[in-house]
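Asks: Listed below are the residues making up each chain.
Number of protein chains: 2
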Amino acid sequence: MGRWEPNARERLQRSALALFAERGYDSTTAAGIAEGAGLGKSTFFRHFADKREVLFDGQEQLNEALVAAIAAAPAEAGPYEVIGLALDAMGAFFGPERLEWARQRQAVVQAHSELRERELLKIASLTEAFAGSLRARGLGATAAGVAAELGGLAFRAAFAGWIAPDNALGFPEVARRELAAVREAAASLD
Amino acid sequence: MGRWEPNARERLQRSALALFAERGYDSTTAAGIAEGAGLGKSTFFRHFADKREVLFDGQEQLNEALVAAIAAAPAEAGPYEVIGLALDAMGAFFGPERLEWARQRQAVVQAHSELRERELLKIASLTEAFAGSLRARGLGATAAGVAAELGGLAFRAAFAGWIAPDNALGFPEVARRELAAVREAAASLD
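Going line by line, the protein sequences match chains A and B.
Residue numbering for the first sequence follows full-length UniProt numbering, starting at 1 and increasing by one per position.
Residue numbering for the second sequence follows full-length UniProt numbering, starting at 1 and increasing by one per position.
Keep in mind that a hint or two might mislead.
Calculated cross-link-like contacts (lysine-lysine; reagent style DSBU-like; alpha-carbon spacing at most 35 Å) [to be verified]:
(1) A:Lys-122 x A:Lys-41
(2) A:Lys-51 x A:Lys-122
(3) B:Lys-51 x B:Lys-122
(4) A:Lys-51 x B:Lys-122
(5) B:Lys-51 x A:Lys-122
(6) B:Lys-41 x B:Lys-122
(7) A:Lys-51 x A:Lys-41
(8) B:Lys-51 x B:Lys-41
(9) B:Lys-51 x A:Lys-51
(10) A:Lys-122 x B:Lys-122
Beyond 12 Å from chain A on every Cβ pair, some chain B residues (computed) [what the hints assert, rightly or not]:
(11) Ser-27
(12) Gly-32
(13) Gln-59
(14) Glu-60
(15) Ala-68
(16) Ala-69
(17) Pro-74
(18) Ala-75
(19) Leu-85
(20) Phe-93
(21) Val-108
(22) Glu-149
(23) Arg-156
Source of the hints: derived by calculation from the structure; they are not laboratory data.
Positions of the beta carbon are idealized from the N, C-alpha and C atoms, including for glycine.
Could you put the whole structure together from the sequences, leaning on the hints where they help?
Replies: Set out below in structure tokens:
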């Protein structure tokens, strides 16, 4: 184990994004990312498995926060209320200090099919966490599946709305607005 | 261009599945697939870009059938009715003669993370086709997004139900049953 490097993880993330944006994802190496952060290559690999993982850091913690929020929701809360509480909890990962990072990250991911594919896997894992937690509360499998898809949709819309250039609201506010729109749209289909 | 090989495409698909199941996906090569089908390697590459594509053949045609069915739906049809017509049209790709292939294919895809990831991309492209076609009918963006997610969910449930070992129904019947369940579940959330 090497010596402790203050904020190494965050420095590596910032360096990676700057290089991905400047040179392109394919032309950037783990060693280059480490160098850009003023760190050694071995420090990079203590924090991330490869350069792709720099962009998908925090996935498990996000899913865990969602699962914990759903487990802690009041027994009498309906599915949409539970989804709203889960989105609130996820807001802890999307504070104002992460906004610029999130915007740059999204631009890199959208520009690369391999990264878009990985992003879909991330969303699928989030939706599965939603569905599993709702089933654990006693919701039927189909209802949990539907609620999870709608929760995932609200999350994606909230994320897109939060990083939009003209947005001034915090993630939880955008998420509540998007969830209300999804709920209204779902009711309007029938 | 080589000489015409009767049913080469189908023979290659059957050979690929047999080898994926027997030797595993990673240990199977395009040349081995061609050999198993009694064909040359160049014939394989006239039909498929690589061994992965053998499993994802027909994706574009499936999306086109969905888009055409939605465009042809009566103007007065509601979103769920339109989704039902799209699922009916997709049934043309899932006839009884494809059932055994679909079962074997699913087992191979589920066993391999790279293939599961590619499958998610396929589902995302299907959902996008749903949403785009519904927007083209004048449905609002959020409602089209919600309907597309629910249509995609019904499709996945229909596919899983159709290939289930104890299922004796055709794809369109399973799809109608699953769509009704999704519709009922969506209404029950509120």
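Asks: Could you run down the list of hints and mark each one as holding or not?
Replies: For each hint, the structure was consulted:
no.: 1; hint: A:Lys-122 x A:Lys-41; verdict: holds (26 Å)
no.: 2; hint: A:Lys-51 x A:Lys-122; verdict: holds (16 Å)
no.: 3; hint: B:Lys-51 x B:Lys-122; verdict: holds (16 Å)
no.: 4; hint: A:Lys-51 x B:Lys-122; verdict: holds (25 Å)
no.: 5; hint: B:Lys-51 x A:Lys-122; verdict: holds (25 Å)
no.: 6; hint: B:Lys-41 x B:Lys-122; verdict: holds (26 Å)
no.: 7; hint: A:Lys-51 x A:Lys-41; verdict: holds (11 Å)
no.: 8; hint: B:Lys-51 x B:Lys-41; verdict: holds (11 Å)
no.: 9; hint: B:Lys-51 x A:Lys-51; verdict: holds (26 Å)
no.: 10; hint: A:Lys-122 x B:Lys-122; verdict: holds (15 Å)
no.: 11; hint: Ser-27; verdict: holds (23 Å)
no.: 12; hint: Gly-32; verdict: holds (26 Å)
no.: 13; hint: Gln-59; verdict: holds (14 Å)
no.: 14; hint: Glu-60; verdict: holds (16 Å)
no.: 15; hint: Ala-68; verdict: holds (22 Å)
no.: 16; hint: Ala-69; verdict: holds (18 Å)
no.: 17; hint: Pro-74; verdict: holds (17 Å)
no.: 18; hint: Ala-75; verdict: holds (17 Å)
no.: 19; hint: Leu-85; verdict: holds (15 Å)
no.: 20; hint: Phe-93; verdict: holds (22 Å)
no.: 21; hint: Val-108; verdict: holds (18 Å)
no.: 22; hint: Glu-149; verdict: violated (5 Å)
no.: 23; hint: Arg-156; verdict: violated (9 Å)
Hint violations for this structure: numbers 22 and 23, all remaining hints satisfied.
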